[in-house]
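S.K.: Chains as they are written, first to last, in the working numbering: chain A, 1 to 114; chain B, 1001 to 1113.
Just so you know, the hints here were simulated from the structure itself, not pulled from any lab data.
Predicted model only: the values in this text are computed from it and were never measured.
Hints should not be assumed to be uniformly reliable.
As the list claims (entries may be wrong) - Mimicking DSSO-like on lysine-lysine, the simulated pairs with C-alpha atoms at most 27 Å apart in a straight line are:
#	chain 1	residue 1	chain 2	residue 2
1	A	Lys68	B	Lys1100
2	A	Lys78	B	Lys1100
3	B	Lys1068	A	Lys24
4	B	Lys1071	B	Lys1056
5	B	Lys1054	B	Lys1071
6	A	Lys78	B	Lys1105
7	A	Lys68	A	Lys24
8	B	Lys1005	B	Lys1100
9	B	Lys1105	B	Lys1056
10	A	Lys78	A	Lys68
11	B	Lys1005	B	Lys1068
12	B	Lys1105	B	Lys1068
13	A	Lys24	B	Lys1100
14	B	Lys1005	B	Lys1054
15	B	Lys1056	B	Lys1005
Said to hold, decoys possible - Example chain B residues on the side facing chain A (calculated, C-beta under 8 Å, incomplete):
#	residue
16	Glu1042
17	Pro1044
18	Leu1101
19	Lys1105
The beta-carbon is built from N, C-alpha and C at its ideal position, and this holds for glycine as well.
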Amino acid sequence: DAGVIQSPRHEVTEMGQEVTLRCKPISGHDYLFWYRQTMMRGLELLIYFNNNVPIDDSGMPEDRFSAKMPNASFSTLKIQPSEPRDSAVYFCASIPGSPLGEQYFGPGTRLTVT
Amino acid sequence: DQQVKQNSPSLSVQEGRISILNCDYTNSMFDYFLWYKKYPAEGPTFLISISSIKDKNEDGRFTVFLNKSAKHLSLHIVPSQPGDSAVYFCAAGGGGSNYKLTFGKGTLLTVNP
Chain A
1 DAGVIQSPRH EVTEMGQEVT LRCKPISGHD YLFWYRQTMM RGLELLIYFN
51 NNVPIDDSGM PEDRFSAKMP NASFSTLKIQ PSEPRDSAVY FCASIPGSPL
101 GEQYFGPGTR LTVT
Chain B
1001 DQQVKQNSPS LSVQEGRISI LNCDYTNSMF DYFLWYKKYP AEGPTFLISI
1051 SSIKDKNEDG RFTVFLNKSA KHLSLHIVPS QPGDSAVYFC AAGGGGSNYK
1101 LTFGKGTLLT VNP
């Protein structure tokens, strides 16, 4: 399997622009997670889905952030409008329907908002 | 408030010696703990885990120790190899949901040849 796929790998945008990050989980995995990594806060869980349904979005920082999972093989994280403080590395991860928490991470998208 | 803390941002050891990475947690509801390793420009990869019903788990050169009373866990790497140089994250889950992991900020391990 190709693993979790994220695109783009790097994104540079100006403040106020809309940014869309994409993720393709491992086939057959029922859970999908979005994380954000910053120097100040480390790796934080933003939201996670089970069978395409958002289960917990308590980590989403504010209404500018939204995430969707229209089908089992695709998810998006959108920031509108973007701000410089959104600059971070965003990771997507997935796991099969198991009670254990070994999550498989994608390579991440490095977002820079100028 | 950080519920999972890795107080050492970095650690440097000689090849062949033991590396000990430490992690403290504050939430007594955590009952499942994991270590992830991360190389630059890659996502974290799972290394080893331990459930709160155990105090030790071993996998090859990697051993994780859990001290529930002290709310402390550690990762031992013996012997350390240059390829082990990476950032190591401690993560904790529990309270009925091992899916919602809380991560520490990571420790950069450098193994010198």
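S.K.: Does each hint hold? Answer for all of them.
M.R.: Hint check:
{"no.": "1", "hint": "Lys68(A) <-> Lys1100(B)", "verdict": "18 Å, holds"}
{"no.": "2", "hint": "Lys78(A) <-> Lys1100(B)", "verdict": "21 Å, holds"}
{"no.": "3", "hint": "Lys1068(B) <-> Lys24(A)", "verdict": "37 Å, violated"}
{"no.": "4", "hint": "Lys1071(B) <-> Lys1056(B)", "verdict": "14 Å, holds"}
{"no.": "5", "hint": "Lys1054(B) <-> Lys1071(B)", "verdict": "13 Å, holds"}
{"no.": "6", "hint": "Lys78(A) <-> Lys1105(B)", "verdict": "24 Å, holds"}
{"no.": "7", "hint": "Lys68(A) <-> Lys24(A)", "verdict": "12 Å, holds"}
{"no.": "8", "hint": "Lys1005(B) <-> Lys1100(B)", "verdict": "17 Å, holds"}
{"no.": "9", "hint": "Lys1105(B) <-> Lys1056(B)", "verdict": "23 Å, holds"}
{"no.": "10", "hint": "Lys78(A) <-> Lys68(A)", "verdict": "8 Å, holds"}
{"no.": "11", "hint": "Lys1005(B) <-> Lys1068(B)", "verdict": "15 Å, holds"}
{"no.": "12", "hint": "Lys1105(B) <-> Lys1068(B)", "verdict": "21 Å, holds"}
{"no.": "13", "hint": "Lys24(A) <-> Lys1100(B)", "verdict": "20 Å, holds"}
{"no.": "14", "hint": "Lys1005(B) <-> Lys1054(B)", "verdict": "21 Å, holds"}
{"no.": "15", "hint": "Lys1056(B) <-> Lys1005(B)", "verdict": "20 Å, holds"}
{"no.": "16", "hint": "Glu1042", "verdict": "6 Å, holds"}
{"no.": "17", "hint": "Pro1044", "verdict": "5 Å, holds"}
{"no.": "18", "hint": "Leu1101", "verdict": "6 Å, holds"}
{"no.": "19", "hint": "Lys1105", "verdict": "4 Å, holds"}
When the structure is compared with the earlier hints, a violation turns up for hint 3 alone.
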